[in-house]
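A.B. asks: Following the hints, put chain B in place on chain A, whose structure we already have.
From first to last, the protein sequence lines stand for chains A and B. When you read off a place in the first sequence, starting at 1, and then add 14, the result is the number in my numbering. When you read off a place in the second sequence, starting at 1, and then add 5, the result is the number in my numbering.
A hint or two may mislead.
[Stated by the list, open to error] Pairwise CB distance ranges, derived in the manner of DEER restraints:
hint, chain 1, residue 1, chain 2, residue 2, range
1, A, Gly47, B, Pro102, 20 to 26 Å
2, B, Phe167, A, Gln81, 42 to 48 Å
3, B, Phe167, A, Pro150, 45 to 51 Å
4, B, Val568, A, Asn78, 50 to 56 Å
5, B, Asn635, A, Ala68, 41 to 47 Å
6, A, Met171, B, Thr157, 42 to 48 Å
[Stated by the list, open to error] Rough simulated footprint, nothing fancy, chain B against chain A, three-plus residues with beta-carbon under 8 Å:
hint, segment
7, 44 to 57
8, 71 to 78
9, 127 to 140
10, 148 to 155
The set of hints was computed from the structure by calculation and includes no laboratory data. All residues carry an ideal CB built from backbone N, CA and C; glycine is no exception.
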Amino acid sequence: MSGETAVTDTADKPALFTETPEEREFELRAAVGSYWTGGRLLIGMYTFLFASLAFAYFYLKSNNSGQLWRPKQITAPTGIGWAIFAVVATSALLAIYGQWRMRKDSLLDWEVSGWVAVLGILVAVGLQVWQLTQLPFFPGSSGYASCFIGWAVMNIMMLLGGAYWLETNLALCLRLKRLDAEDGDPSTSSGPSAQLFRANVESCTYFFGFMAVVSGLFWVFFYLI
Amino acid sequence: MTLAAERETEVVYPDPTPPVLGGFQGLPARPGWFSQHLGTAAILAVGGYLLGHWIGNVMTSGYDNVAASGINAVPVTAGLLGGVLGWLLGIGALNYPLAKMAGMEPRPDYESTSWTRYFRYTADHKVVGMQYVIGVLGFLFTGGLLAMAIRTELLSPTSHLFGPGTYISIVSEHGTVMMMMATSVIVGPLGNWLVPLMIGARRTAFPRVEAFSFWIFTAGYLVILSALFYGGFPTGWTGYAPLQTQAPQGMMSYLVGFAVIGVGMMAAGFNLAVTIINYRAPGMTWSRIPIFVWSILATCALLTLATPTLVAAGLFGILDHTAQTAFYVTEHGGSSFLWQNLFWFFGHPEVYIMALPGFGIVAELLPVFTRKPLFAYKVAAAGMIGVALLSFFVWQHHLFQSGINPDMRPLFMLTTELISIPTGFIFLVGMGTLYKAKIRFEVPMLFCLAVFFNFLIGGVTGVFLSDVPVNVTVHGSFFVLAHFHYTIMGGLIFAFFGGLYYWLPKMTGKTMNKKLGKIHFWLMFIFFNLTFFPMFLIGLLGQPRRVFEYAHNLQALNDFASVSSFVLGASFLVFVANFVWSIFIKPTPSPANPWDSLGLEWQTPTPVPYYNFARIPVVLNDPYHYGEENPPAIADLGDGILVAAGASSPASVAEDPRPPAE
Numbered sequence: 015m016s017g018e019t020a021v022t023d024t025a026d027k028p029a030l031f032t033e034t035p036e037e038r039e040f041e042l043r044a045a046v047g048s049y050w051t052g053g054r055l056l057i058g059m060y061t062f063l064f065a066s067l068a069f070a071y072f073y074l075k076s077n078n079s080g081q082l083w084r085p086k087q088i089t090a091p092t093g094i095g096w097a098i099f100a101v102v103a104t105s106a107l108l109a110i111y112g113q114w115r116m117r118k119d120s121l122l123d124w125e126v127s128g129w130v131a132v133l134g135i136l137v138a139v140g141l142q143v144w145q146l147t148q149l150p151f152f153p154g155s156s157g158y159a160s161c162f163i164g165w166a167v168m169n170i171m172m173l174l175g176g177a178y179w180l181e182t183n184l185a186l187c188l189r190l191k192r193l194d195a196e197d198g199d200p201s202t203s204s205g206p207s208a209q210l211f212r213a214n215v216e217s218c219t220y221f222f223g224f225m226a227v228v229s230g231l232f233w234v235f236f237y238l239i
Numbered sequence: 006m007t008l009a010a011e012r013e014t015e016v017v018y019p020d021p022t023p024p025v026l027g028g029f030q031g032l033p034a035r036p037g038w039f040s041q042h043l044g045t046a047a048i049l050a051v052g053g054y055l056l057g058h059w060i061g062n063v064m065t066s067g068y069d070n071v072a073a074s075g076i077n078a079v080p081v082t083a084g085l086l087g088g089v090l091g092w093l094l095g096i097g098a099l100n101y102p103l104a105k106m107a108g109m110e111p112r113p114d115y116e117s118t119s120w121t122r123y124f125r126y127t128a129d130h131k132v133v134g135m136q137y138v139i140g141v142l143g144f145l146f147t148g149g150l151l152a153m154a155i156r157t158e159l160l161s162p163t164s165h166l167f168g169p170g171t172y173i174s175i176v177s178e179h180g181t182v183m184m185m186m187a188t189s190v191i192v193g194p195l196g197n198w199l200v201p202l203m204i205g206a207r208r209t210a211f212p213r214v215e216a217f218s219f220w221i222f223t224a225g226y227l228v229i230l231s232a233l234f235y236g237g238f239p240t241g242w243t244g245y246a247p248l249q250t251q252a253p254q255g256m257m258s259y260l261v262g263f264a265v266i267g268v269g270m271m272a273a274g275f276n277l278a279v280t281i282i283n284y285r286a287p288g289m290t291w292s293r294i295p296i297f298v299w300s301i302l303a304t305c306a307l308l309t310l311a312t313p314t315l316v317a318a319g320l321f322g323i324l325d326h327t328a329q330t331a332f333y334v335t336e337h338g339g340s341s342f343l344w345q346n347l348f349w350f351f352g353h354p355e356v357y358i359m360a361l362p363g364f365g366i367v368a369e370l371l372p373v374f375t376r377k378p379l380f381a382y383k384v385a386a387a388g389m390i391g392v393a394l395l396s397f398f399v400w401q402h403h404l405f406q407s408g409i410n411p412d413m414r415p416l417f418m419l420t421t422e423l424i425s426i427p428t429g430f431i432f433l434v435g436m437g438t439l440y441k442a443k444i445r446f447e448v449p450m451l452f453c454l455a456v457f458f459n460f461l462i463g464g465v466t467g468v469f470l471s472d473v474p475v476n477v478t479v480h481g482s483f484f485v486l487a488h489f490h491y492t493i494m495g496g497l498i499f500a501f502f503g504g505l506y507y508w509l510p511k512m513t514g515k516t517m518n519k520k521l522g523k524i525h526f527w528l529m530f531i532f533f534n535l536t537f538f539p540m541f542l543i544g545l546l547g548q549p550r551r552v553f554e555y556a557h558n559l560q561a562l563n564d565f566a567s568v569s570s571f572v573l574g575a576s577f578l579v580f581v582a583n584f585v586w587s588i589f590i591k592p593t594p595s596p597a598n599p600w601d602s603l604g605l606e607w608q609t610p611t612p613v614p615y616y617n618f619a620r621i622p623v624v625l626n627d628p629y630h631y632g633e634e635n636p637p638a639i640a641d642l643g644d645g646i647l648v649a650a651g652a653s654s655p656a657s658v659a660e661d662p663r664p665p666a667e
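So that you can see chain B by itself, here it is in the shape it has in the complex:
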């Protein structure tokens, strides 16, 4: 067939039996267990670690006194990097980059229905999304167990379960694991799974980069956990120098882990941003893309532009420990404040990397459960972009107490307070959508309403904290801790669970048990507030963070918070039980569109085919025309199927507003 003829012909791709995933043109495919999977990744990771450690020892024998640390961190660092490389090699992440050097291109990927695809390197964004769901839940529960350990220790001001070193290691590990989980908790699972479907795309722009982001994310998780075997690290999740440069070898797990996960975050943001910009279906203009996609786009901008600073900061820390540089060693011409600046230049945008997708979920779900159009859609989108832009100009408020010229404080106080304006936009968009609405109190909606309640408390206390006098007073106390748990857990994690309950029927084809879902919600909501609200008081009364002893008069409040936190932890077990029961033990097939959503993601078959849409849809309107008397068609799915609110079946479709084709 000539090229011209080929381009005019509808191409029918063969149905592969057995399924073939990947491989390279010109090379035979390796079937089943001979191909790469989680097992080979684990084996090569161990091998890579041992090899790296051995090479590090050979290279630096007799090199036992690294500047300012008193230890030789080279073997550990080489081991961790070797382990990460082995992990990626074992899972198959490096096959394509290596084959490209010989000019090889991959074969087209075909649908695989085998359960083993969840343990492999795959180009299917839905499989990657599900891998992320399990991955981030693993992160969340690990961090949660560490939180239980912290609260158990704080039951008594004087009787101790752990020594001070162990306690600070647990606190540090909890914070780091949770922050790394939180950066990916929505972008990873829901962003990867849903964004292509929501914009009417059949794939993502760089599917292998997407898969890479997940597998390097898991490698980073293992690296950070490995700190526990090296004596932990005493710095908290912020890793401040000079403590960083004096810390034991566990610090290397923190630095390498943060840098490795940073690479994964950049990869995930890069792929999704390019996908949203280029793969929107015909007619999916910027004013028609779902608000959740706007939030992911704003988040991806932050992931790709702010995270390199974290990677650079981590690299400098690694060099300080291995090559004997002195970036963060003041006595040798460096500065411990340099770390603070670099870390927070990433760290504050990271707060919005965590918050924005949560806002996106809430704004996406509200119209579905209020049967009203999203109030002020463009204001919400502008708010998200505004938050993303302003987040680059506020980092110095974390240094109000340290390395900042006092004259600069008012400027950063102002920029920090300014950011509450676009955040307020998003909040008011939610209020406007709820106004006079007939709300359906389904489980996802309950989580969305909780986000408003929690984030209001978190946001308002954030405005207090941006004010220099208040900041100086409560800095480093439990007040700050309560504030960011209200914003991150109260906002992001509640939104994540709302999103999970909402989209899991689509992702799995199964219905989650509603009764268990409501039990989960009420336990989590009530005991979240009972855990963290007392911490505002504890902080105002003077209890510092990261210290395992405290004044006797604060024991009652601490005990109250601890006991509440145990129930809060147990509430997650209700979710796990619901998930296992509803998906695996007694699965109930989900209706095609259980929430009557107009989103494109719900207009596909379940399970969603590998190629998502039988025909690439043509988008005619934004997906928020709920409750209107004569709603316009939302999208043309091809083969005469139009999506519209109010139509009761595929046969009674809305009128096509376009002129008839010539």
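This is chain A alone, in the form it adopts within the complex:
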């Protein structure tokens, strides 16, 4: 076969891995962009997951097999449902507020609101589990009941995922505050770790907003209509 292409030879690989300043900047930009893209893509994945539940909800509602979509308009405990939605929405607002304050160079505000938001989400998970013990219907008694159980499981998974994400950012922040002390705290430092941290927090906050929207939508589905 004719050698038609100029290629590097297999023998002359450098012994050590080196990075130029331009390459480091490129890698950093790519990593920051990855957090942005990854956060949005994750929301896309969750959207399709919950869209599947919404499809199941409306499909079974419209089918109303054997008049068993929702016999006697039975509803999951409304008070607990209200409380879960309120706590999730408040936690999301706290996360958004915290990030806004972080942009204004007040890292402490973000930390406080972040820890409270994590706590809030854990409370919401606890309430969701408690609600499952208080249901006035059997899981397989109707289409509505089935969808509600599905929602509870998926909601717990989503909330725990969100709480985990925010907690890891808060834990990282504690560590970064010691590492980047010379160049300012993680909310202001120009260090790569701090830039990545801020990108991560931004995507996480976006996800919290998404959680609140999902909670609101399904709250309407299960308690209002």
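C.D. replies: Coordinates of chain B only, in the frame set by chain A:
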């Protein structure tokens, strides 16, 4: 050193001896066998299964009659989930997520040359790619053995090797294993191995997510295989309710396995999509990325967006069997058609998850072996995106015979037929590239040409099937079976082998034996067609799928297909023999660029270093300028090395088209 000074200095990373892989800042690294590997994964998987099963029994003692199933599936489900968790814990997939909770970040990973890296959780996309190669071949051969069992049973319409229950379990297991293999067969091995190299990246965006995708994929494989120990499942790979809700415990392996592999598929698609969007080398614009990368990007869009529906559908099925919900139980307010809708909303995009990477390989290889630029590159890319988008709007054609308003049929007939247009784009791009070309009939090219032949038959019969009257006539018959084997095996698997023969010299540094490769190709091509073409006739003559008895007048055709399938199965052994012989027994070092490709992946040393490129390349043109009189430079690899068609050595590089630096 101050931060500012650090950012202006070229950083030289130490050469670690002995190699250190991973670990966390602030924690000592564990060397050798004390670290986590396949062995610890297996041990913890068994432990996790037993613990989960025990917990399930404790939680649900006296809970022996789950709605509509008559069995208690909780211990089995808890056992399978515990096994998966143990597997991930044992391999080390959960180390990083757990350490992050304490704010720890991983140490930078360094190159390891030890063979043991293939049995570990690693952040090197090339190692993950090779792990996937072995993994998907394991899947393929397991599914293939089950196929041989099916064809052996069908040798006679009345004398049986298996009982009807065993037969349908084998058919179901074959279908599920093969479909799960097919979703990852190109994205996993070749996508992970090649995409970063093709776009000039030194790494993937989320390497641990990538490794996670492989190890959870293998866990899913084991879970699906475990169905055989629970009496199998009688539903085929589509898992239709109400059969699903009445099935024995093997159904839980199907539901859990599908959901687990679905998570792996999402992880793989997520990582590669983010990598392609963010880690393209400078100058690698959207109109310059290799067409294979376009196909992977379109596939990743489907993997990340369609697969959550499968996971949700699986979760609902698991809840029906464990929490006594009634999603798919019509008598309790659910609907068996709900499963069909959710399953096919994922299932039809999945067909293109399988097909698109195959198209990508073929379109990538054609210019290399015809020494012509890829004809209508942008049309090919648009075709792939078009297929991906339209694939979300066709799922109801799988319900023409069941839960669909008859008035909706024409709409979905139309959308299904529409999808043949972007598919046709890709086909015509191939034809345009082949037109008046001086084709080099190397082994990879033979596989590519076979894809056109096979996919033409598969595609045209697909257009027939999208038509409601034909669909109603041949639904559930061997005609449908032949159609999708022509598209998936005839398209995807042939493209996969073409890609393997093409890139294995890069991946392993060894040359595959050409003679054995051609024997493999001709046996596979001829006997693939002799196996599956008669099935169109068998289907038209009325033989239904998944039934082990059939009319006596169809025995001759069935025997012909069975005997052909045995030779087809044997052809894979030729590949295995070639692989073992060429890579391990009598390895012949491969030339640096055996096919004279302009792709960036071929411009790296072999074996490819951990960091891929000594310098991040600057891309100047798309990689398809073959056969041109004055070809432009394709990429600047740094240190004065330009890649260009027509240059004969690194010394005689093409002229740099950029203005001199100030």
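A.B. asks: Determine whether the Cβ-Cβ distance between Asn635 (chain B) and Ala68 (chain A) falls within the hinted range of 41 to 47 Å.
C.D. replies: Once the Cβ atoms are compared, 58 Å apart, the range 41 to 47 Å for Ala68 (chain A) and Asn635 (chain B) is violated.
A.B. asks: When I compare C-beta atoms, does the segment 148 to 155 of chain A have three or more residues closer than 8 Å to chain B?
C.D. replies: holds (count 4)
A.B. asks: So does Val568 (chain B) sit 50 to 56 Å from Asn78 (chain A), Cβ to Cβ?
C.D. replies: 53 Å, holds
A.B. asks: Cut-off 8 Å, C-beta pairs, minimum 3 residues; does the coverage of the segment 127 to 140 of chain A by chain B stand?
C.D. replies: That given contact is violated, which follows from only 0 residues of the segment 127 to 140 of chain A lying within Cβ reach (below 8 Å) of chain B.
A.B. asks: Can you let me know if the beta-carbon spacing of Phe167 (chain B) and Pro150 (chain A) is within 45 to 51 Å?
C.D. replies: 48 Å, holds
A.B. asks: Can you tell me whether the CB distance of Gly47 (chain A) to Pro102 (chain B) sits inside 20 to 26 Å?
C.D. replies: 22 Å, holds
A.B. asks: Can you confirm whether chain B covers the segment 44 to 57 of chain A, using C-beta to C-beta distances below 8 Å and requiring at least three such residues?
C.D. replies: Check passed, 8 qualifying residues.
A.B. asks: Within 42 to 48 Å or not, the Cβ separation of Phe167 (chain B) and Gln81 (chain A)?
C.D. replies: 43 Å, holds
A.B. asks: Is it true that Met171 (chain A) and Thr157 (chain B) lie within 42 to 48 Å of each other by Cβ?
C.D. replies: 44 Å, holds
A.B. asks: Checking C-beta pairs, does the segment 71 to 78 of chain A have three or more residues closer than 8 Å to chain B?
C.D. replies: holds (count 4)
The structure fails to meet hints 5 and 9 from the earlier list, while all remaining hints are met.
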